[in-house]
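Chains as they are written, first to last, in our numbering: chain A, 1 to 676; chain B, 1 to 505; chain C, 1 to 103.
I should point out that these hints are in silico values taken from the structure, not numbers from a laboratory. Idealized CB from N, CA, C, for every residue including glycine. Honestly, I wouldn't trust all of these hints.
Below, in silico cross-link-like pairs of lysine to any residue (SDA-like), each with a Cα-Cα straight-line distance of 25 angstroms or less [what the hints assert, rightly or not]:
#  : chain 1 : residue 1 : chain 2 : residue 2
1  : C       : K102      : A       : Y660
2  : B       : K160      : A       : W621
3  : C       : K27       : A       : V664
4  : A       : K609      : B       : T307
5  : C       : K27       : A       : Y660
6  : C       : K102      : A       : T129
7  : B       : K160      : A       : D628
8  : B       : K160      : A       : H625
9  : A       : K609      : B       : W106
10 : B       : K377      : A       : T129
11 : B       : K160      : B       : W106
12 : A       : K178      : B       : K377
Going by beta-carbon spacing under 10 angstroms, a handful of chain A positions derived as facing chain B [as the list claims (entries may be wrong)]:
#  : residue
13 : I159
14 : G173
15 : I201
16 : I615
17 : R624
18 : S630
19 : M634
A few chain C residues that don't get close to chain A, going by computed Cβ distances all over 12 angstroms [claimed, not checked]:
#  : residue
20 : D44
21 : A68
22 : R88
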Amino acid sequence: MEPVIPIIILALPLTMFLVLGLLGHKMAHRTAGILGTLSMGVTMVLAYITTLTYFFSGSSEFINEEGVRLQSVIFNWDWLAFTDSLVIRLGFLLDPISALLLVVITTISFMVHLYSNGYMRDHHGVWETGFQRFYAFLSLFSFSMLGLVVATNIFQMYIFWELVGASSYLLIGFYYTKPSAVSASKKAFIVTRFADLGFLIGILVLSFYTGTFDFTNFTSTGVEGMANVYQVDLTTAEGIRNWIASSPAPVFMGGSVLTWALVLIFMGGMGKSAMMPLHIWLPDAMEGPTPVSALIHAATMVVAGVFLVARLFPLYLMEEVALNIITVVGALTAFYAAMVACVQVDIKRVLAFSTISQIAFMMVSLGVARPEFHHGLGYMAAMFHLFTHAMFKALLFLCAGALIHAIGSNDYTDMHGLRKHMPVTHVTFLIGCLAIAGIIPFAGFFSKDEILTAVFGQSIFWYIWMSAVAGLTAFYMFRLYYLIFWWKEHKTPEGHHAPHDQLWTMTLPLVILAVVSCVAGFVPFGNLVTWNGHPMFESVNFFTNLGALDWSVAAISLAVAILAIILATVMYKKENPLPAKMRSALPRLWDWCYHRFYWDELYMFITHKIIFGCISRPIAWFDRHVIDGSMDGMAWVTQRISFAIRGLQSGNIQLYVWIYLVGVILLGAITAVCLL
Amino acid sequence: MFSNLLIYFVVIPLLMLAGFAICKNIRQVRTVAVAGSILLVGLSVWVLCDYLALRAAGNMEEMLFRGDWTWFAPLNIKLSVGVDGVSIAMLILSSIIVFAGSFASWKIDDARHFFMWLILLSTGVYGFFICIDLFTMFMFYEVALIPMYLLIGVWGTGRKEYSAMKLTLMLMGGSAFLMLSLIGIYYHSAPEGQALTWNIIDIARNVEETQCISKGWQYFLFPMCFVGFGVLGAMFPFHTWSPDGHACAPTAVSMLHAGVLMKLGGYGCFRVAMYLMPQAANDLAWIFLILTGISVVYGAFSACVQTDLKYINAYSSVSHCGMVLFAILMINTTALTGAIMQMLSHGLMTALFFALIGMIYGRTHTRDIRLMGGLMKILPFLGVGYVIAGMASLGLPGLSGFVAEMTIFVGSFEHTDMFHRVFTIVACCSIVITAVYILRTVGKLLFGPVLDPHHAELTDASWWERLSTITLILSVAAIGCFPNFFESLIRFTFSPEIFRAIGLN
Amino acid sequence: MELTILWYLIPSLLMFCCGVYGFITRKNMIAMLISLELMLNAVDINFVVFNRFLFPGELEGMFFTLFAIALAAAETALAIAIIINVFRVSEKIDVDDVTKMKF
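Take the sequences, apply the hints, and build the full model.
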């Protein structure tokens with residue numbers, strides 16, 4: 001494939017960032033909005049072309065004679081050479097998952113660009129201050145995220161990983177005069193930075209022992225007996241294989257190097273993907289404008305951790321320990337987030353916790369994926385869920401944005417009964433809820449079912465656990481749905497419009513995403529995205545996914561979801577005393593859930609009391625009083641000594657003469673004694 | 001003598017000094033300062049191009065543009081000049097910062113005398129970087145230090161006399177150690193029966209071939225030399241001049257001091273201590289690794305709780321300069337390249353920081369972050385500049401901090417023993433702590449509601465301030481976006497032949 | 001009775017000792033100056049005497065004495081000027097009382 005289109009895909013958003021960032025304040029708001037949206041649209045079209053070419057052109061670059069998909073490096077430029085072999089390159093790696101992510105990112109990003117044209121102004125059409133800046137940051141984010149997914153080496157990924165972190169910081173703190181937004185952006189950056197420290201050390205460990213940063217080298221190692229047909233650089237691959245084979249691998253602080261490296265790299269993924277205990281930034285990140293939440297904190301950036309694990313999956317396969325850790329962390333997070341989501345009041349918070357829970361689903365899916373079970377079904381399921389989740393979660397967030405824009409508040413208590421006033425939002429939100437709850441035939445059903453099947457194949461315990469989480473998901477989403485759109489509506493205050501559907505720029509993305517959420521489940525993923533490029537099915541048609549379902553699992557999960565929805569309907573369709581009764585029946589649990597299990601308080605304690613109070617302040621004190629004090633002390637001692645001996649320098653010449661005389665006499669006497 | 005390009009790095013500042021002497025008004029002073037600094041930038045670029053051309057033509061000598069002029073025959077003291085990639089990087093850094101500094105002190109009081117001292121200081125800096133004769137280097141080193149006393153003492157703010165005195169005395173203390181060790185090196189600079197020399201290259205060759213500085217002497221001289229330069233490089237526990245000195249210094253002086261003068265320390269540690277006493281460096285590195293490792297996290301932690309903008313930045317400098325020395329002590333090509341990159345990066349980024357702090361202070365008349373807030377709305381240009389500087393400091397890819405730090409970490413990781421590993425990881429931790437204090441500062445200073453209603457009427461940067469800031473931002477971005485050019489320029493200096501020459505891997 | 005060298009040296013020694021004694025014990029600045037002059041003159045005498053007795057044909061000692069006298073005159077003038085100025089400022093003539101410029 002010629003590198004022109006890939007280069008434009010990356011360069012266009014970057015150019016837009018520079019243009020809008022530097023010249024934006026001289027542009028009209030509308031111009032900036034149209035410019036940003038158009039360029040994103042072009043990027044999206046180019047990304048589609050690239051992806052379609054990759055999957056369907058049948059070119060020998062992308063697929064071999066046996067129908068196995070290959071990793072293809074479109075271009076790879078040296079950016080920074082540490083040593084001869086450790087070179088950071090900036091390149092474009094096309095393989096199933098990067099092609100998939102290209103579609104997801106550009107689609108959602110375009111929708112958000114379009115949507116923001118309406119969202120970022122008030123009801124009277126007055127533009128938000130910093131509108132151009134907003135588009136500049138969105139472009140920067142899109143650029144970074146695209147760079148991340150097409151990275152050819154782990155350091156390029158780290159570079160863009162940091163850049164998405166920074167653009168997320170800028171966008172969360174978009175309303176920078178609001179203290180809560182500022183602290184949320186700070187929190188997001190620092191928590192993910194802490195996770196990135198693990199990632200960085202992991203990279204250092206991995207690259208030191210393997211002598212390379214390149215993914216094509218890492219992922220070609222494979223497991224013994226498992227043919228891996230990704231295009232490989234055989235010389236390096238051989239070296240790594242030998243290194244792995246010559247186990248026990250070099251030991252690094254008590255563990256095998258590979259375990260350490262992979263766990264540390266996963267830590268980076270935990271930070272970005274908001275896995276417990278590094279999840280605390282994501283709910284707060286909802287302080288940013290809602291389109292940002294939809295783009296960054298629901299659909300794209302937060303799945304970077306999943307993408308990272310998927311990218312290094314062949315390496316993870318070599319370390320059972322790391323995969324088990326991923327499974328456990330994912331399962332705990334999924335359950336935790338689902339519990340918390342059941343009691344939140346702020347609709348964006350509910351969606352944020354739901355995002356955490358859904359990403360945890362993907363992680364679990366990766367954690368249980370084994371090549372011997374259905375050709376690594378879990379891997380495919382994780383990627384599938386990543387795709388469908390991006391669509392329906394972006395949809396839900398954009399609906400939430402429309403609601404917030406109409407009502408002017410984030411709390412469902414201010415909403416209630418909106419289904420008549422905002423029909424489009426209502427229907428699309430309902431589709432989103434059905435999709436996430438996993439009701440056939442919406443997108444979430446298929447992907448979630450694949451995940452549950454994969455989990456079932458690995459462990460019954462986790463299967464039951466994750467099914468329960470799936471039930472909770474359906475419950476809290478429908479709770480939210482009923483609380484927003486049903487119940488008795490509030491009276492509109494005098495002089496205010498009744499809430500209504502928004503501009504076409506805002507409703508169009510909702511409709512598009514809703515349609516995608518309805519049909520995305522039928523995409524034959526098993527043929528497109530698998531861990532080793534082997535297609536899962538002989539031939540595909542529109543109903544392949546339906547045919548491939550494991551109906552015993554599917555029936556159970558469908559039943560669980562429907563039960564949960566019925567429960568939510570009973571409890572929340574109309575105002576009734578049931579929720580309050582539930583609450584008083586389990587006060588402790590309700591409190592803990594409402595306060596998110598006090599994680600934030602714990603972090604506050606650690607950062608303020610321990611890091612600031614017990615480390616920084618004492619160090620600063622020590623520096624001022626001990627280190628600096630000792631320097632000042634030296635000066636003080638010198639001065640004291642000078643004062644003490646200055647009496648000798650009395651200035652009294654007669655004293656000097658006396659001393660001189662005594663000296664002369666003594667000298668004379670000594671000389672005389674010596675001579676005699 | 002004047003056919004050698006390098007001499008002009010000293011000649012131009014001296015001519016500028018003469019120019020200031022006859023200046024009548026501030027306009028003429030500014031003209032001379034700007035013209036001179038532009039000439040210096042041009043000269044650096046010229047030297048760089050010439051250097052690259054010579055290297056491309058296959059000139060593999062260690063130092064290029066060599067020249068020797070004896071000025072004190074009895075002790076064989078010469079004005080020997082010569083540059084390699086590292087020195088050229090430092091010369092470019094100095095020129096950019098002198099250029100930016102000239103614009104940053106556009107409105108200073110008594111500009112004529114201020115610029116005279118400032119340019120005298122930069123004469124010392126340039127002289128230090130072009131010289132390869134130990135004695136002459138030391139002389140220029142002192143020339144660079146002394147004007148600092150007057151610049152802070154006269155044009156400073158706050159407890160300026162105290163800070164100026166402290167800074168000068170501590171640096172002079174370092175110089176005393178340095179002088180001792182330089183004399184020691186001189187008396188062992190050649191094997192018995194040969195003429196003693198001050199020339200670094202000759203000494204290095206003699207050390208390699210004849211072991212003329214015995215191991216015992218190296219153990220004695222290396223720590224003195226390293227500490228002597230380390231004081232200027234803000235090595236723990238000799239760093240306390242830095243917070244006070246920077247806090248009281250006027251803008252351009254802070255810029256020049258943090259940006260260039262502190263680099264003299266790192267450069268000296270590498271060029272003199274490491275280069276001439278490789279065995280001791282190898283054996284004693286662990287002591288200084290501990291100290292610099294402490295510097296890195298200690299400075300960062302201290303910066304977390306400071307409230308004065310300049311103190312925050314000064315402690316951050318302690319942390320970043322600690323990283324420079326830390327990397328130098330790792331003694332391998334990658335880490336050393338990273339050290340020099342970090343010097344470049346830290347120089348530009350701190351200069352940018354201090355320039356912006358000076359501009360903000362000039363408007364709000366306070367540097368206490370608790371008294372300011374929401375400045376982004378009022379001073380968007382300065383605010384954006386500050387955020388960019390902050391991002392460079394916390395190592396955002398695309399700006400200079402990232403490449404430098406990553407090179408250092410990758411280089412440091414090449415040591416496989418536990419000791420080095422632990423300290424590398426400790427140093428890595430600083431990227432998180434840096435993020436904490438940078439974001440804390442940015443959040444308090446620039447974001448949030450406007451705290452002080454008086455600040456609402458402040459005006460944003462004027463053209464000279466913009467020029468100064470933009471120059472530095474562009475330089476930071478250039479290093480961050482095209483690191484390979486700079487790294488390859490520097491890396492050649494550490495080519496394997498030279499490592500073998502100094503007796504290491 | 002022959003005038004040996006001692007006839008000159010003993011008075012000069014006495015003069016010198018008087019000078020030393022006076023310089024150490026007197027607090028009055030003028031008196032100290034006088035004592036100083038005494039010592040100087042004692043030394044001058046020695047120069048002349050040694051020249052006359054040891055190297056009769058040469059004149060270096062004489063010259064030296066003349067120089068010393070000239071210098072002493074200049075020095076006295078300077079000292080008196082200082083003393084007068086000090087007196088004008090502080091109205092004190094005692095050396096112990098003039099401590100303003102100390103330390």
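Hint check:
About 21 angstroms separates the Cα atoms of K102 (chain C) and Y660 (chain A), which keeps this hinted pair within 25 angstroms; it holds. Taking the CA atoms of K160 (chain B) and W621 (chain A), the gap is near 22 angstroms; set against the 25 angstroms cutoff, the hint holds. Between K27 (chain C) and V664 (chain A) the CA atoms are separated by roughly 23 angstroms; this keeps the pair inside 25 angstroms, and the hint holds. Annotation: proposed proximity of K609 (chain A) to T307 (chain B) holds, straight-line Cα distance about 18 angstroms (limit 25 angstroms).
As the CA atoms of K27 (chain C) and Y660 (chain A) are separated by approximately 18 angstroms, the hinted pair is consistent with the 25 angstroms bound. The straight-line distance between the Cα atoms of K102 (chain C) and T129 (chain A) is roughly 69 angstroms, outside the 25 angstroms bound, and the hint therefore fails. With a CA separation close to 16 angstroms, the supplied pair K160 (chain B) and D628 (chain A) stays within the 25 angstroms bound. Of the supplied pair hints, the one linking K160 (chain B) and H625 (chain A) holds, its CA atoms being roughly 19 angstroms apart against a limit of 25 angstroms.
Taking the CA atoms of K609 (chain A) and W106 (chain B), the gap is near 44 angstroms; set against the 25 angstroms cutoff, the hint is violated. Under the criterion of a C-alpha separation no larger than 25 angstroms, the hint pairing K377 (chain B) with T129 (chain A) is consistent with the structure, at around 11 angstroms. Using a Cα cut-off of 25 angstroms, the hinted pair K160 (chain B) and W106 (chain B) holds, with the two alpha carbons roughly 21 angstroms apart. The suggested pairing of K178 (chain A) with K377 (chain B) holds, with an alpha-carbon distance near 12 angstroms, which does not exceed 25 angstroms.
Interface hint status for I159 (chain A): upheld, as the beta-carbon distance to the closest one in chain B is roughly 4 angstroms, under 10 angstroms. Taken as an interface hint, G173 (chain A) checks out: its beta carbon lies about 6 angstroms from the nearest beta carbon of chain B, inside 10 angstroms. The restraint placing I201 (chain A) at the interface with chain B holds, with a minimum CB-CB distance near 6 angstroms, inside the 10 angstroms limit. Hint on I615 (chain A) holds. Least Cβ distance to chain B is approximately 6 angstroms, under the 10 angstroms limit.
Here the hint on R624 (chain A) is kept, as its CB sits about 8 angstroms from the closest CB of chain B, short of 10 angstroms. With a cut of 10 angstroms, the hint placing S630 (chain A) at the interface with chain B holds, because the nearest CB-to-CB distance is about 8 angstroms. Because the beta carbon of M634 (chain A) sits about 9 angstroms from the nearest beta carbon in chain B, less than 10 angstroms, this interface hint is met. Look at D44 (chain C): its CB is around 20 angstroms from the nearest CB on chain A, clear of 12 angstroms, so calling it non-interface holds up.
Look at A68 (chain C): its CB is around 19 angstroms from the nearest CB on chain A, clear of 12 angstroms, so calling it non-interface holds up. Distance check for R88 (chain C) against chain A: the nearest CB is about 20 angstroms away, which clears 12 angstroms, and the non-interface claim stands.
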